[in-house]
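Protein sequence lines correspond, in order, to chains A and B.
The letter at position 129 of the first sequence is residue 1499 when you use the numbering used here, and the numbering goes up by one with no holes.
The letter at position 241 of the second sequence is residue 316 when you use the numbering used here, and the numbering goes up by one with no holes.
Worth flagging that the hints you see were computed from the coordinates, not collected in a lab.
Fair warning: this is a prediction, and the values are worked out from it, not measured in the lab.
We treat Cβ as the ideally placed atom computed from N, Cα and C, and that holds for glycine.
Hints are supplied without guarantee of correctness; some may be wrong.
Said to hold, decoys possible - To spell it out: a stretch of chain B is covered by chain A in this simulated footprint if at least three of its residues, at any positions, have a beta carbon under 8 Å from a beta carbon of chain A; those stretches are: (1) 135-148; (2) 274-288; (3) 334-347.
Said to hold, decoys possible - In silico negatives: residues of chain A with every beta carbon more than 10 Å from chain B: (4) Pro1401; (5) Gln1539; (6) Ile1591.
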Amino acid sequence: MSNHSQPTIGSAIRKKTEWDRKIFVAACIFPALLFLGLFMYYPIVETFRLSFMKSSGLGPEIFVGLDNYTRLFKDPEFLAGLKNVFAWAFWSIIIQIPLAFYIAFSLTFYVNRFTKPLRIIYYLANVLPSAITAMLGKFIFSPTNGILNSLGTTLGWNWLSDLDFLGNQSLAFWSVFTIATWTYTGFPIIYLMARIEQISKDIKEAAELDGVTGWKYAFYIVLPNLTYPLTILAVLCTIGSLKLFDLPYMMTTGGPGYATVTLGITLYRHGFINWQYGKASAIGVVIFLLSLAFTIIQFSWQHKKGDGQ
Amino acid sequence: MSAFKGFSRPRYGVAEVASSTILIMFGLIIVFPLVLPFLFVFKTQLEYAYTPWSFPKSLIWKNFKEAWEAVQIGQGLKNTLGVSLGAIVCTLPPAALAGYVFARYRSKVTEFCFYAILIGYFVPIQMVLIPLFKFNIAVGLTDTLPGLFLPMAAFNIPFWTLIYRSFFQSLPKDLADAARIDGAGHGKVFSQVMLPLATPATMLAFILVFIAAWSDYFLSLIMLNSQALFTMQLRVSQFLNAYGTDRMPRYAAAAIISSAPTVILYIIGHRWIIQGTLMGAIKE
């Protein structure tokens, strides 16, 4: 290529290889961008547009400005969904994360023959299809033939057999939440386990030398080292709650009343049962903006942590 | 517990025994509900009604046969398999190609495209359901299996592009350069040298995309209307709504069949699955 007598050919070849390279790069990125363009970027823009329209899919779309949003914040179902989603996030953070920490810590603290099989078992419930998880929930909580109610009948405990786990306003939320805890806690467990295993041996040995063991070790050494993963888990719990649909929908369809309604369920009902595209799109925008806000929080923490190291 | 341990290992302390006991109890809580369907599935309706908790008297396979016919499990499995394979075929190649370019052909343009794709990882699918549904109507994809697995693939691509990108970055650079010097074109280097080296990432993507597509409920519920196209998960939940928990033995049969592939894949590939799941979370 560095032939001085024929510089034109050299540059022509270079140009050709440069073109080959550009064409290859474009051809490789194109399929991914095409998929995302059609099924993600365009729908995002369209959701924002529709959220300012009155539309039922049929007939003309009418521009109504912020009307969908103002009506949304007067809609008892949407408000119940919003409340439930944040209650769900709150209780996930209060219950699932400490439980996961306890299990992950114990499992990594005493490494014995049970450690490996237990780790596998704890994550097992997480790979089940949600339709099956919901079904198991019904096995347990159903008023007819449910395990808990029949157990009450068998033992003659009327207080138990009379409880309507899925039909009672205040119980339904907790029944669904229990099943969710059963299936979703697997992820924080394996995540925290991996993080605890990353804590260096030196720290552990130094702690042992100083006589810091057991619970003291968990609270004073491990926990301070996990503040970052724990906050990430809290954010993931919150984003997960915003998207919640399958379990409450299949176990209680959001009922009784609005007791287990989520944002996902409200969106589904407005959009695909009442055919109010505009209002459903407004809910979509709310879900998007809330997840965006929490994602930004997560990244800014990540960034701060990066600076600190 | 420690009596038969001999001298070779240190004795278990009281604290360790207590801790392990609690952990095993948690493990049993996870496993117990999964055993229930097997307790019910071999019983007749009558046997179930009177003695739901006893061990089955004999292994009756009738419930599997009845469930198979009642919810047309054969058709359901075929649809679900179609969706899962469609999702794999539409997710893996675009993600592998894009991930490769983002790892090895870095420029301002490719970095921009990378972040544009990465953003997709944070978009909740709930947000775009209405436009997706409208789009499917407009292009004639409503109530078809591609109408389900094409958007699924679009929502999978960002994550797997990220994974492929970091995988290709971790491969030694000399290999590709050597092949280039031997005169292989860009495409050939990718398909014959780099892609085979990325087999672990491809396997992982194959398994996790399969499990996710197989388990999908929400998107299937919206995109599929006709009974003939219903996936296993839709059929299972439909069955649950129609009969409640009354037809438990039959229902248990349907549940076992529809969750078997994911559970079996998990048992075989749990190490990769856990590793792959963590990759997404721990990558920073």
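Going down the list of hints, with the structure as the test:
| no. | hint | result |
| --- | --- | --- |
| 1 | 135-148 | violated (count 0) |
| 2 | 274-288 | violated (count 1) |
| 3 | 334-347 | holds (count 6) |
| 4 | Pro1401 | 4 Å, violated |
| 5 | Gln1539 | 20 Å, holds |
| 6 | Ile1591 | 17 Å, holds |
The structure fails to meet hints 1, 2 and 4 from the earlier list, while all remaining hints are met.
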